Amino acid sequence: MDTEITQETAAPAAAAADVDIISDLTNDVLLIILGLLPAARDVVRTSALSTRWRHLWTRAPALRFDVGPRSWRLGGCGATDEAAAAARLVEAVDSVLARREGGADVKDLEINLVHHRSDGGDRPPMCHHYAAMFVSSPSPSRHREEPRCDLLAVPLDVVTPARVAAWLRFAERRVAGSFSLRLPALSRRIAAAGSPPAVLPCSERLHTMRLALGGAALAVPDAVAAAAYRSLTDLLLSKVSLDDDGDDLRLCSLLSSASCPNMRRLELSDIDGLINLRLDAAATLEVLRLIGLRHMEQMEVDAPGLRELVLKRIYAHLMAAASASSVRIAAPGLQALTYEYDYACWGGAFPMVLDGERTAKLQVLSHGVPDKDNNGAAAWFLQHCAAANRLDVVLKMEFDEEKMEEDIEDLIKDIPEVLNITDLRITVAISTGTVDTHAIGASVTKLIAKFRRIEYLSIDIDKKAGDCTNFDCKCEQHKGWSNEMIPLDHLRMVDIRDFLPFNDQIELVCALIASAPALEKMIVALHESYEETRERTNNMEAYLCIPSCGGRWTPCAWNGGKFGSATKYEWKPCKRKRSEEGVEKV
Numbered sequence: 013m014d015t016e017i018t019q020e021t022a023a024p025a026a027a028a029a030d031v032d033i034i035s036d037l038t039n040d041v042l043l044i045i046l047g048l049l050p051a052a053r054d055v056v057r058t059s060a061l062s063t064r065w066r067h068l069w070t071r072a073p074a075l076r077f078d079v080g081p082r083s084w085r086l087g088g089c090g091a092t093d094e095a096a097a098a099a100r101l102v103e104a105v106d107s108v109l110a111r112r113e114g115g116a117d118v119k120d121l122e123i124n125l126v127h128h129r130s131d132g133g134d135r136p137p138m139c140h141h142y143a144a145m146f147v148s149s150p151s152p153s154r155h156r157e158e159p160r161c162d163l164l165a166v167p168l169d170v171v172t173p174a175r176v177a178a179w180l181r182f183a184e185r186r187v188a189g190s191f192s193l194r195l196p197a198l199s200r201r202i203a204a205a206g207s208p209p210a211v212l213p214c215s216e217r218l219h220t221m222r223l224a225l226g227g228a229a230l231a232v233p234d235a236v237a238a239a240a241y242r243s244l245t246d247l248l249l250s251k252v253s254l255d256d257d258g259d260d261l262r263l264c265s266l267l268s269s270a271s272c273p274n275m276r277r278l279e280l281s282d283i284d285g286l287i288n289l290r291l292d293a294a295a296t297l298e299v300l301r302l303i304g305l306r307h308m309e310q311m312e313v314d315a316p317g318l319r320e321l322v323l324k325r326i327y328a329h330l331m332a333a334a335s336a337s338s339v340r341i342a343a344p345g346l347q348a349l350t351y352e353y354d355y356a357c358w359g360g361a362f363p364m365v366l367d368g369e370r371t372a373k374l375q376v377l378s379h380g381v382p383d384k385d386n387n388g389a390a391a392w393f394l395q396h397c398a399a400a401n402r403l404d405v406v407l408k409m410e411f412d413e414e415k416m417e418e419d420i421e422d423l424i425k426d427i428p429e430v431l432n433i434t435d436l437r438i439t440v441a442i443s444t445g446t447v448d449t450h451a452i453g454a455s456v457t458k459l460i461a462k463f464r465r466i467e468y469l470s471i472d473i474d475k476k477a478g479d480c481t482n483f484d485c486k487c488e489q490h491k492g493w494s495n496e497m498i499p500l501d502h503l504r505m506v507d508i509r510d511f512l513p514f515n516d517q518i519e520l521v522c523a524l525i526a527s528a529p530a531l532e533k534m535i536v537a538l539h540e541s542y543e544e545t546r547e548r549t550n551n552m553e554a555y556l557c558i559p560s561c562g563g564r565w566t567p568c569a570w571n572g573g574k575f576g577s578a579t580k581y582e583w584k585p586c587k588r589k590r591s592e593e594g595v596e597k598v
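Residue numbers (my numbering): 13 to 598.
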């Protein structure tokens, strides 16, 4: 009985499974389904489902060709098999685009012939014969992944300049939305073959274009028509080589507000031949990234709506010159700025950052060799940080033997006066190659004087700070600095950490108190090696070798409780009382 019921219910279920409900949907719905498939190969395979689907793939709104594990999953496991599968993918791109040439427009076209680990960096491909693939590999540090190059992608001889030019022409004529083309580095043999350069697509229908062309030669058309990129909102142009016959100026003209009235995000990366960048951007441009433009000699950017600017691997002399007349950026609404400055004595690239939360971070030199070291890059950065109210600055002091043999000079003079900073946090860092101890007071006060509207100040003192025994050393110049007043009328709170009882540190504390009439409190935390002479009264107060400076020092932290040694002191001004005649009395 139960068997009969099961058979009766199973029969309608099997019949229902045979009904092709999806094929009964309208073409518009089916095309949406095709557009969601991850790869063009999957789109083409739908033609085997039924006659209803046979030619529908030729109208798919999105085509994605991605060299990766899916491209060779059905092939062998060796590098030769994988390269052959990738080469077949390139041929498939040609075939599918040829079929679509006379058909419906493509809404989104993606051709990605580089497969590597996405690490968010700007590292260029490393292989010369195949596209680069970055994967995790064993490293001495378990917290870091070192890139290595595997032969797992497209043989470079397959990606010819003629193919690249054809794909760009197709995008210009038939793509009506998003176009992405990412190529491996072209082989030297192909690059030297003298093929005509591909032409940058120019279309009013594209809203997103991301081109990373592996160093291919690229010609830039004249911006003859107004609003040549009327719909373009997002552009990445990377790893291309421009002709030196004015292509850089033509590119700037194409990217101007007249040709790109709706541009929101622009990235120019690793472009050879971009000598002059003159960008008159639309007010809609919010994000601008300029990376690896090593040949650039002049940069002028007018971007009234710009909120985020990233500069990396820009030629050093352009940004570090004491007179940066070759660099002009007008971006009154800038909220976030990253400038990665490659300076050898800092051990490589050092990022200067305005984080979008009104905090800026940078590093400056106290002293350096004339015509070799300067703070020009830091000065330029500070001039473009009007949105910041807090500055975290590392004051780098280098007095190693090599520099001491040269005639070093003060470099804090390069830093401009900055009036928008109210919260200044200084970390004094004396280089590891420095011999003996050096005074920090003169350099710290000169830096503080550049920020006369600060309300809060913190100073972290390096353990190598101390009395300098070298009579000719520049660390204490100029003499008499401790007797000069710093205009700190707004300063209310000071925090000093790792204090040691050296003369210049004591003078630094006194100079700050004397220069800040509105100072309400100063906290001085002692270095762990501090040894003080204690004179206790009721186990509450200890002797600190700093003058009272019109206030009172009291311990506020101890080792082992209040009966241990004091580790931190608080200074507050003495309370003032007004007499009936209106004269202040202490």
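Please keep in mind that the hints were generated in silico from the structure rather than gathered at the bench.
It is possible that part of the hints are untrue.
Listed below are the simulated PhoX-like cross-link pairs for lysine-lysine, each with C-alpha atoms no more than 20 angstroms apart in a straight line [as the list claims (entries may be wrong)]:
#, residue 1, residue 2
1, K324, K475
2, K491, K533
3, K324, K373
4, K486, K415
5, K486, K476
6, K373, K384
7, K425, K415
8, K425, K491
9, K491, K384
Pair by pair, the computed Cβ-Cβ distance ranges are [said to hold, decoys possible]:
#, residue 1, residue 2, range
10, E312, Y468, 17 to 27 angstroms
11, D448, P559, 19 to 29 angstroms
12, C568, G345, 21 to 31 angstroms
13, G445, H490, 20 to 30 angstroms
14, G345, A110, 44 to 54 angstroms
15, S338, G114, 41 to 51 angstroms
16, D422, C568, 20 to 30 angstroms
17, R340, S107, 42 to 52 angstroms
18, L431, D507, 39 to 49 angstroms
19, A110, E312, 35 to 45 angstroms
20, D448, R370, 46 to 56 angstroms
21, D422, K533, 27 to 37 angstroms
22, T566, P344, 43 to 53 angstroms
23, D422, D367, 23 to 33 angstroms
Here the structure is a predicted model, which is why all the values come from computation and not from measurement.
In this text, a Cβ means the ideal position worked out from N, Cα and C, and glycines have one as well.
Okay, the hints, checked on the actual structure:
no.	hint	in the structure
1	K324 - K475	33 angstroms, violated
2	K491 - K533	28 angstroms, violated
3	K324 - K373	16 angstroms, holds
4	K486 - K415	11 angstroms, holds
5	K486 - K476	16 angstroms, holds
6	K373 - K384	23 angstroms, violated
7	K425 - K415	19 angstroms, holds
8	K425 - K491	16 angstroms, holds
9	K491 - K384	25 angstroms, violated
10	E312 - Y468: 17 to 27 angstroms	37 angstroms, violated
11	D448 - P559: 19 to 29 angstroms	27 angstroms, holds
12	C568 - G345: 21 to 31 angstroms	43 angstroms, violated
13	G445 - H490: 20 to 30 angstroms	25 angstroms, holds
14	G345 - A110: 44 to 54 angstroms	47 angstroms, holds
15	S338 - G114: 41 to 51 angstroms	50 angstroms, holds
16	D422 - C568: 20 to 30 angstroms	36 angstroms, violated
17	R340 - S107: 42 to 52 angstroms	49 angstroms, holds
18	L431 - D507: 39 to 49 angstroms	22 angstroms, violated
19	A110 - E312: 35 to 45 angstroms	43 angstroms, holds
20	D448 - R370: 46 to 56 angstroms	39 angstroms, violated
21	D422 - K533: 27 to 37 angstroms	31 angstroms, holds
22	T566 - P344: 43 to 53 angstroms	47 angstroms, holds
23	D422 - D367: 23 to 33 angstroms	29 angstroms, holds
Of the hints listed earlier, those the structure fails to meet are numbers 1, 2, 6, 9, 10, 12, 16, 18, 20, in rising order.
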